[in-house]
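Enquirer: Chain residues, written in single-letter form:
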Amino acid sequence: MNAFDSTSGIEPTPPRLRLRTQPPPERGPAANGHRSIATEVVFDSEDVSIFYGPKQALSNVNLRIRRGQITALIGPSGCGKTTFLRSLNRMNDSVPGFHIEGQIRYHGHDMYAGNVDQVEVRRRIGMVFQKPNPFPKSIYDNIAWAPRNLGLKKGLDERVEKALRGAALWDEVKDRLKNSALGLSGGQQQRLCIARAISIEPDVLLLDEPASALDPIATGAIEELMHSLKGRFTIVIVTHNMQQAARVADRTAFFSLESTSAAKSVGTLIEFDDTEKIFADPRDPRTRDYVTGRFG
Amino acid sequence: MSAGFDPTAPLTPSGNLKRRQLFSRFALVGATAAAVLAVAVLVLVIYAVASRGLSAISLDFIFKAAPDGIGPELVGTGVIVAIATLIAMPIGVLIAIFVTEYAGRRATNAVKLTLDLMNGLPSIIIALFIFGLLVETRGQSGFAAAVALSIIEVPLVARGSQEVLRLVPASQREAADALGVARWRSTMTIVLPAALGGIVTSTVLAVARAAGETAPLIFATSLGNTDRYSLNPFEPLPTVPVRIYELSEEANPAGFTEAWGLSLILISLILFASLGARALLARSKRKMTA
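Protein chains in written order, with my numbering: chain A, 1 to 296; chain B, 1001 to 1290.
Keep in mind the hints are simulated off the structure, nothing from the lab.
Among these hints, one or two may not hold up.
Computed cross-link-like contacts, EDC-like style, restricted to lysine to aspartate or glutamate with a CA-CA straight-line distance of at most 20 Å [stated by the list, open to error]: (1) K178(A) / D157(A); (2) K230(A) / D203(A); (3) K230(A) / D273(A); (4) K162(A) / E172(A); (5) K137(A) / E1250(B); (6) K131(A) / E1174(B).
Listed next, with one range per pair, are the computed distances between beta-carbon atoms [said to hold, decoys possible]: (7) L1231(B) / Y112(A): 56 to 64 Å; (8) R294(A) / R1166(B): 54 to 62 Å; (9) S94(A) / I1124(B): 52 to 60 Å; (10) D274(A) / R1166(B): 54 to 62 Å; (11) S1014(B) / T260(A): 53 to 61 Å; (12) R294(A) / T1012(B): 49 to 57 Å; (13) L1086(B) / S94(A): 44 to 52 Å; (14) A1279(B) / Y112(A): 46 to 54 Å; (15) A1279(B) / L156(A): 32 to 40 Å; (16) S185(A) / W1184(B): 27 to 35 Å; (17) G186(A) / R1166(B): 21 to 29 Å; (18) G186(A) / A1038(B): 41 to 49 Å; (19) N60(A) / E1101(B): 29 to 37 Å.
Quick look at which bits of chain B chain A covers, simulated, 3 or more residues with Cβ under 8 Å [to be verified]: (20) 1187-1201; (21) 1263-1276.
Where a beta carbon is used, it is the ideal one built from N, C-alpha and C, also for glycine.
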């Protein structure tokens, strides 16, 4: 059995999440899709608009993210791609004035329903941030911290090793697990953060520009890692780097800033399709301008 | 000419710049003098206490009971301050955690204001409060004094801890949040350990402040103690500040020297604690922001 198979990985914690199931059960609202859906839908975003106080950051995002795939969110600065990513595990909740309209369904459950627990959401949907943020603890304790606090204490050593192997970091750190994580290079720290995220075997990994603070070699290592994690986890990645999206993603969503009135502009999903299609033959001229470098 | 000056003139003061520079020099001198004065006052106080008290200090003076020494007073002050800190530290740290980790902006401001007001409360008011609350009904005791001192310590611990908790980077809390671990556990295992150095420091500063408070002790633990060694906080304990006060009230020149000696010991303890704590704080701040 694959240790990181996402369905078995959830098992250690009993399903405590009391999510309100929306009318279409289990499979998500595939029925009204315009084409037959082979893979299970993990996230289904329907008419999602996001506001920070009076300012609208995103308008009417409709997209579906499928299990086991890598989905890239690209677009110019301020287009709301990070906002959208962070709303997928409710990391925006603590931002003052945050307010969401529409619905994001996770395996068919409304993520913003009143009875949904943020902690449970994040236990299933992990996140890696732009800047590596290891804890000021040893390498081992960085990985072991979350399992310990989630009651997954059995076989902790094996779990740590598995996570580090999964993040392609084991060979580099196996002889110095007790050393401080802050002594690692930036690229190693970021892979440590990925190892930390997969140590609790989540269902989804959200990556917020995980390589933007890294040099090209470390970036290459992270991209290789993403390929190896694909399939075991559903991965959503925000990136500024279009070549990166083209290299790693199965599907790509292009966001842009659209003017709604003279003074206001709002993040909008322009096009969402297979990555090859987005880069080779986009339907929308705005997408073409962006991916060919004529804009942004 | 739109600029109002000749751009080709030499770059020496022109117009009223000379007058403005003179004024600025005066302001600088005044500010420097004020700062020097503050330092001078501290140095003078320490010098006055040391020159008069040094001759009183000996091993007997530190370890023996009255009339030769002040051993019981040192122990009494130690017991009372220790109990006060045991009460104040958890409360202060919890307040700081509430403010930095849980409270919204309005609650934060309200709590901060309350703490600052509490910190400015004259100790005689706290003394009276404790007198009414504990001493009137149950009589004097070391414990009553400890409660009074803990009221003085709480705002210092809370404000100090809050400052260091705020220095823990938000990215650490985000990392912990994103792992599906509940806030309280993240606070206890990630945030608090990172801020531990600063929390200990602010506690030491609070201890230093509380150790020298006199008014609450006069109200709570000044009568009936017999200048003998005691660790029992439920009877009146002899203390350093009260002894200084009593000695300086007596018409006895030998007692004056003793009072100076006692003052020297108290001031040294407080100075060393404060300086040590500040050094510790500077170190842990460097470690956290590095």
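Enquirer: Now, for every hint given, state plainly whether the structure supports it.
Expert: Verification of the hints:
1. Using a Cα cut-off of 20 Å, the hinted pair K178(A) and D157(A) holds, with the two alpha carbons roughly 12 Å apart.
2. Our distance criterion of 20 Å between C-alpha atoms is met by K230(A) and D203(A), whose separation comes to about 12 Å.
3. Straight-line distance between C-alpha atoms of K230(A) and D273(A) comes to about 18 Å, which keeps the hinted pair within the 20 Å bound.
4. Pair hint K162(A) plus E172(A) holds up; C-alpha atoms about 14 Å apart against a cutoff of 20 Å.
5. For the hint linking K137(A) to E1250(B), the alpha-carbon distance of about 58 Å lies beyond 20 Å, and the restraint is violated.
6. Among the hinted pairs, K131(A) with E1174(B) is consistent with the structure: their alpha-carbon atoms are about 11 Å apart, no more than 20 Å.
7. Separation of L1231(B) from Y112(A) is about 59 Å and conforms to the stated range, judged on CB atoms against 56 to 64 Å.
8. A beta carbon spacing of about 45 Å between R294(A) and R1166(B) contradicts the range 54 to 62 Å that was offered as a hint.
9. Evaluation of the 52 to 60 Å hint for S94(A) and I1124(B) yields a failure: the beta carbon distance comes to about 44 Å.
10. Judged by the Cβ atoms, the range 54 to 62 Å given for D274(A) and R1166(B) is violated: they are separated by roughly 46 Å.
11. At roughly 54 Å, the beta carbons of S1014(B) and T260(A) sit within the given window of 53 to 61 Å.
12. Between R294(A) and T1012(B) the CB atoms are about 55 Å apart, so this pair conforms to the stated range of 49 to 57 Å.
13. For the pair L1086(B) and S94(A), the supplied restraint of 44 to 52 Å is violated, since their beta-carbon distance comes to about 34 Å.
14. Evaluation of the 46 to 54 Å hint for A1279(B) and Y112(A) yields a pass: the beta carbon distance comes to about 49 Å.
15. The beta-carbon spacing between A1279(B) and L156(A), approximately 38 Å, falls within the hinted interval of 32 to 40 Å.
16. Checked against the hint of 27 to 35 Å, the pair S185(A) and W1184(B) passes, with Cβ atoms roughly 33 Å apart.
17. Separation of G186(A) from R1166(B) is about 26 Å and conforms to the stated range, judged on CB atoms against 21 to 29 Å.
18. Separation of G186(A) from A1038(B) is about 46 Å and conforms to the stated range, judged on CB atoms against 41 to 49 Å.
19. Restraint check, N60(A) to E1101(B): a C-beta distance of roughly 35 Å satisfies the suggested window 29 to 37 Å.
20. Interface restraint, the stretch 1187-1201 of chain B with chain A: holds (3 residues with C-beta to C-beta distance below 8 Å; minimum three).
21. Only when three residues or more bring their CB closer than 8 Å to a CB of chain A does the claim for the stretch 1263-1276 of chain B stand; here the count is 0, and the claim is violated.
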